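Given only the sequences and the hints, what does the whole structure look like? Please build it.
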Amino acid sequence: AQKVTQAQTEISVVEKEDVTLDCVYETRDTTYYLFWYKQPPSGELVFLIRRNSFDEQNEISGRYSWNFQKSTSSFNFTITASQVVDSAVYFCALSGGAQKLVFGQGTRLTINP
Amino acid sequence: DGGITQSPKYLFRKEGQNVTLSCEQNLNHDAMYWYRQDPGQGLRLIYYSQIVNDFQKGDIAEGYSVSREKKESFPLTVTSAQKNPTAFYLCASSIFGTRGDEKLFFGSGTQLSVL
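Which chain is which? The protein sequence lines are A and B, in order. Using the working numbering, you'd call the opening residue of the first sequence number 10 and step up by one each time. Using the working numbering, you'd call the opening residue of the second sequence number 10 and step up by one each time.
Hints are not guaranteed to be accurate.
With a straight-line cut-off of 30 Å between C-alpha atoms, the simulated BS3-like cross-links for lysine-lysine are [unchecked claim]: (1) Lys109(A) <-> Lys66(B); (2) Lys12(A) <-> Lys112(B); (3) Lys112(B) <-> Lys109(A); (4) Lys23(B) <-> Lys12(A); (5) Lys109(A) <-> Lys18(B); (6) Lys12(A) <-> Lys66(B); (7) Lys109(A) <-> Lys92(B); (8) Lys18(B) <-> Lys47(A); (9) Lys47(A) <-> Lys66(B); (10) Lys92(B) <-> Lys25(A); (11) Lys80(B) <-> Lys47(A).
The set of hints was computed from the structure by calculation and includes no laboratory data. For clarity, every value in this text was computed on a predicted model and none was experimentally measured.
Written out as structure tokens, the structure reads:
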């Protein structure tokens with residue numbers, strides 16, 4: 010069975026601080042895909058990034074970066090110099106082959122001015 | 010603009026009543042999904058459809074029903090058999106629904122509450 014754990018239920022930081030959201034996953038598939046989605050107060054989830062199990066390169070997109078480590082089954086997300094607009098619920102998700110996405114419980118991130 | 014439209018934004022259900030949540034997409038995607046979101050539990054898959062006139066149960070299908078008569082539409086009915094229907098319901102779509110690497114596009118959700 011596939012499982013995604015986001016142990017941090019809520020995080021609150023002051024603007025401009027760096028913050029890391031943790032994601033740990035379980036799967037028996039050798040080919041799988043990891044995702045991060047952002048859910049702002051408006052409600053819809055927005056896709057941020059996708060990684061396949063064969064690509065362990067870290068990725069940076071502006072203030073966002075992702076660290077994928079198969080050895081620890083983790084796919085962590087870091088926001089550098091956080092801004093109030095980053096406040097949202099963030100979901101990590103996993104799919105294997107043709108299986109449907111399994112989501113973590115989500116981390117509510119609050120950036121205080 | 011292409012996207013997914015869910016309506017209504019808020020819905021109230023009386024005991025013993027069936028209610029239907031609307032989901033329409035103009036992205037020309039084959040696959041559509043319904044998720045339920047409860048606080049602290051993430052998203053759980055209710056039903057999904059990869060093609061018109063066909064759909065499959067997800068992890069928590071009991072008490073729900075769907076139809077897929079048109080590619081653009083995937084309405085969800087919450088029946089009276091669903092004893093705990095209060096939740097945030099999200100509709101999503103993807104291009105094919107047959108590959109694990111597909112990203113999902115989401116609507117803005119419907120909050121269902123019981124009166």
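Status of each hint after checking the structure:
no. : hint                    : result
1   : Lys109(A) <-> Lys66(B)  : 11 Å, holds
2   : Lys12(A) <-> Lys112(B)  : 18 Å, holds
3   : Lys112(B) <-> Lys109(A) : 11 Å, holds
4   : Lys23(B) <-> Lys12(A)   : 35 Å, violated
5   : Lys109(A) <-> Lys18(B)  : 26 Å, holds
6   : Lys12(A) <-> Lys66(B)   : 19 Å, holds
7   : Lys109(A) <-> Lys92(B)  : 25 Å, holds
8   : Lys18(B) <-> Lys47(A)   : 19 Å, holds
9   : Lys47(A) <-> Lys66(B)   : 26 Å, holds
10  : Lys92(B) <-> Lys25(A)   : 45 Å, violated
11  : Lys80(B) <-> Lys47(A)   : 27 Å, holds
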